[in-house]
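K.L.:
Listed below, chain by chain, are the residues.
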Amino acid sequence: MKTTFISIILLSSLLAISFAGCKKDEDDKKKDPNHLGWVYDPTPYTGPTVPRNFPQPTYAANNNPLTEEGVLLGRMLFYDPILSGDSTLACAGCHKQENAFTDTRTFSIGIDGIAGRRQSMPLFNLMYSSKFFWDGRAANLAELALMPVEDPIEMHETWPNNIAKLQAHPDYPKRFYEAFGVEPNDLTKEYAAKALEQFLLSLVSGNSKFDKAVRGTDELTAAEERGFILFNDQLGADCFHCHGDGSANQVFQEINAIRQFRNNGLDAPATPAGFADKGFGEFTGNINDYGKFKVPSLRNLKFTAPYMHDGRFATLEEVIDHYSTGVKAASPNIDAGGMEYAFQGGVQLTAQEKADLIAFLLSLSDDDFVTDPRFSDPFK
Amino acid sequence: MRYLRLFIPALLLVVMSSSCEKDPEIGTTTFTLAVHPKIASQDLVLGQEYLDQESYRLMPSTLRFYVSHVTLTSANGDTEIRDIALLDMEQVEAGEPLTFEVEVPAGDYTGISFWVGLDSLQNASDPATFVNGHPLSLSTGTFWTWNTGYRFVMLEGYYDDVQNTPGPVSTSRFFNYHTGTAPLYKQAELGAANVAFTIAEGERFTYNLDLDVNKMFYGLENIDRAQGAVTHTTSNYALAQKFTENFVRAFSLSAP
Chain A
1 MKTTFISIIL LSSLLAISFA GCKKDEDDKK KDPNHLGWVY DPTPYTGPTV PRNFPQPTYA
61 ANNNPLTEEG VLLGRMLFYD PILSGDSTLA CAGCHKQENA FTDTRTFSIG IDGIAGRRQS
121 MPLFNLMYSS KFFWDGRAAN LAELALMPVE DPIEMHETWP NNIAKLQAHP DYPKRFYEAF
181 GVEPNDLTKE YAAKALEQFL LSLVSGNSKF DKAVRGTDEL TAAEERGFIL FNDQLGADCF
241 HCHGDGSANQ VFQEINAIRQ FRNNGLDAPA TPAGFADKGF GEFTGNINDY GKFKVPSLRN
301 LKFTAPYMHD GRFATLEEVI DHYSTGVKAA SPNIDAGGME YAFQGGVQLT AQEKADLIAF
361 LLSLSDDDFV TDPRFSDPFK
Chain B
1 MRYLRLFIPA LLLVVMSSSC EKDPEIGTTT FTLAVHPKIA SQDLVLGQEY LDQESYRLMP
61 STLRFYVSHV TLTSANGDTE IRDIALLDME QVEAGEPLTF EVEVPAGDYT GISFWVGLDS
121 LQNASDPATF VNGHPLSLST GTFWTWNTGY RFVMLEGYYD DVQNTPGPVS TSRFFNYHTG
181 TAPLYKQAEL GAANVAFTIA EGERFTYNLD LDVNKMFYGL ENIDRAQGAV THTTSNYALA
241 QKFTENFVRA FSLSAP
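Going down the list, the protein sequences come from chains A and B. According to the working numbering, the first sequence is numbered sequentially starting from 1. According to the working numbering, the second sequence is numbered sequentially starting from 1.
None of these hints come from the bench; they were simulated from the model. Nothing here was measured: the structure is a model prediction, and the numbers come from that model. Any given hint might turn out to be false.
Restraint ranges, calculated between C-beta atoms of paired labels, are given here [what the hints assert, rightly or not]: (1) A:Q344 with B:Q163: 19 to 29 Å; (2) B:Y237 with A:K212: 54 to 64 Å; (3) B:P168 with A:R312: 53 to 63 Å.
As a list, the in silico DMTMM-like pairs of lysine to aspartate or glutamate whose alpha-carbon atoms are at most 20 Å apart [what the hints assert, rightly or not]: (4) A:K131 with B:D161; (5) A:K328 with B:D161; (6) A:K328 with B:E90; (7) A:K302 with A:D277.
Covered stretches of chain A (in silico footprint by chain B; criterion: 3 or more residues with CB under 8 Å from a CB of chain B, positions within the stretch not fixed) [unchecked claim]: (8) 98-112; (9) 159-172; (10) 255-265; (11) 324-337.
Note that CB positions come from ideal geometry on N, CA and C, so glycine has one too.
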């Protein structure tokens with residue numbers, strides 16, 4: 001009898017202690033570490049989410065749910081030159097909102113005046129990617145966010161320096177606490193990466209003319225309609241093999257993780273080793289990946305010139321000419337999945353078809369996205 | 001009261017164990033259809049070069065296909081599996097078989113049959129309604145467009161059109177067979193690979209089949225890659241049909 005009660009009491013106490021432990025941790029986090037009125041009680045993010053004509057996101061957010069505080073902090077870090085070596089260049093310096101977060105320069109210039117070797121990539125709808133940069137070297141957005149800071153030809157700063165700068169800042173320690181419950185002394189680059197990851201994931205673009213037409217609030221012109229049909233016709237422009245089919249995948253980018261890197265026949269060195277830029281192969285080390293690059297989204301092309309990984313095409317006309325007659329069939333590792341018409345240089349479009357296709361592609365541009373105040377410089 | 005002392009921990013154990021994975025139903029056992037991609041007797045590894053049976057060098061880079069309506073035939077009534085499998089070499093380690101694991105009743109079976117591809121209803125699915133990772137979701141990269149449905153079989157790679165070249169294979173000469181549409185939904189022609197088997201209760205059973213890339217090109221009708229390297233079905237239906245007929249005959253029983 002006595003042992004029964006002891007068992008019950010012990011079990012109850014264990015349960016009570018474990019619950020109390022959870023609650024205490026929460027309460028402690030909400031407490032103000034420096035008695036400055038700080039509160040860690042983040043609000044779930046309520047900004048733009050996945051448009052209803054988009055498929056389910058494929059990006060696996062790494063235990064980093066979006067919050068109002070986290071997204072705002074990420075946005076501040078994105079626009080603040082404090083993270084660069086001489087505090088002159090922010091992420092936004094080469095990823096401009098008016099250009100769908102890319103750069104109009106063929107190659108962006110870092111703080112030491114050195115140009116990069118690839119075009120700055122636009123940033124939106126990143127929840128459908130699984131490897132980042134033209135060469136796929138970042139496995140997630142938190143990794144991506146850390147890299148340009150330490151790149152000597154970009155922001156050229158160390159993270160330990162940046163953490164010291166952020167800890168000494170009059171405002172950031174409080175914001176990190178409010179977003180993540182991290183005390184200033186415990187601040188690490190991973191928290192900055194989490195904030196930037198949240199802001200990057202908040203960059204949703206899904207309000208183009210095409211989207212509005214899908215939702216019944218706008219109409220495509222006859223030329224845009226014809227372009228859309230060409231886009232999806234494998235006897236036409238045959239774009240859909242690599243850029244989404246426009247029916248189920250209206251993100252207009254490759255969603256399948258393995259097929260996000262392809263060689264579209266821009267160059268034809270005699271051997272794979274001859275590629276001036278080995279792209280995805282530079283990251284994987286696999287000779288069969290030399291010359292492959294990330295398949296980009298076809299949204300917002302109105303704002304993102306120049307095109308291709310090296311910005312070689314200044315206009316959409318040049319891009320379409322490449323796929324029409326300029327594909328180099330002899331390119332090593334040319335994509336076996338999508339470049340069906342490489343043998344004849346491309347899909348052979350007429351002038352009218354090219355014009356229709358461009359009209360359709362431009363209907364995928366989202367003017368609201370490039371002016372949305374939720375994504376703009378928070379310091380202005 | 002003495003029992004109460006035992007009852008509480010027992011209850012806790014029951015509650016805890018009830019959250020674990022569901023056990024198979026009584027009388028059923030785990031059946032695995034294991035497909036071993038080969039080139040003749042060699043294991044197929046994507047990105048590696050082989051000489052085919054006519055000594056042409058080739059390097060497959062993608063092999064994935066749907067298997068549906070797997071049926072285990074029995075004198076006591078057939079067992080048809082409702083699930084669909086997308087067997088994809090990019091999802092397994094090199095040298096590992098492509099597997100489809102299901103629960104079936106234990107017992108004596110007279111054979112097996114399955115279809116390559118998706119039936120008309122499955123093929124009319126909206127991929128957006130499936131969670132990522134599901135064989136019919138967009139994440140698999142098999143959905144084509146709303147008017148053609150899914151790609152049933154995807155074989156891609158590179159080849160040389162001259163026999164006995166020393167290698168490496170020219171990666172600027174590719175082959176690409178994407179088959180789909182209702183007429184190319186075919187039952188696998190297993191022939192001698194369809195054999196009787198017994199599944200003992202409580203024991204796992206694996207039915208091993210080889211799938212020979214040679215037979216996809218040298219089958220019912222030979223496919224000369226130099227003359228017919230690419231089809232996305234509607235772009236070259238005759239070639240897609242030829243490839244499909246060969247593909248469904250490319251299975252054989254694995255050596256024990």
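K.L.:
Now tell me if each hint is right for this structure.
P.N.:
Here is how each hint holds up against the structure:
1. A:Q344 with B:Q163: 19 to 29 Å: Hint holds: Cβ distance 26 Å, inside 19 to 29 Å.
2. B:Y237 with A:K212: 54 to 64 Å: violated (37 Å)
3. B:P168 with A:R312: 53 to 63 Å: violated (28 Å)
4. A:K131 with B:D161: violated (35 Å)
5. A:K328 with B:D161: holds (18 Å)
6. A:K328 with B:E90: violated (27 Å)
7. A:K302 with A:D277: Status violated; Cα separation ~26 Å.
8. 98-112: violated (count 0)
9. 159-172: violated (count 0)
10. 255-265: With 5 residues close enough to chain B, the hint holds.
11. 324-337: That given contact holds, which follows from 9 residues of the region 324-337 of chain A lying within Cβ reach (below 8 Å) of chain B.
Violated hints, in rising order: 2, 3, 4, 6, 7, 8, 9; the structure is consistent with all others.
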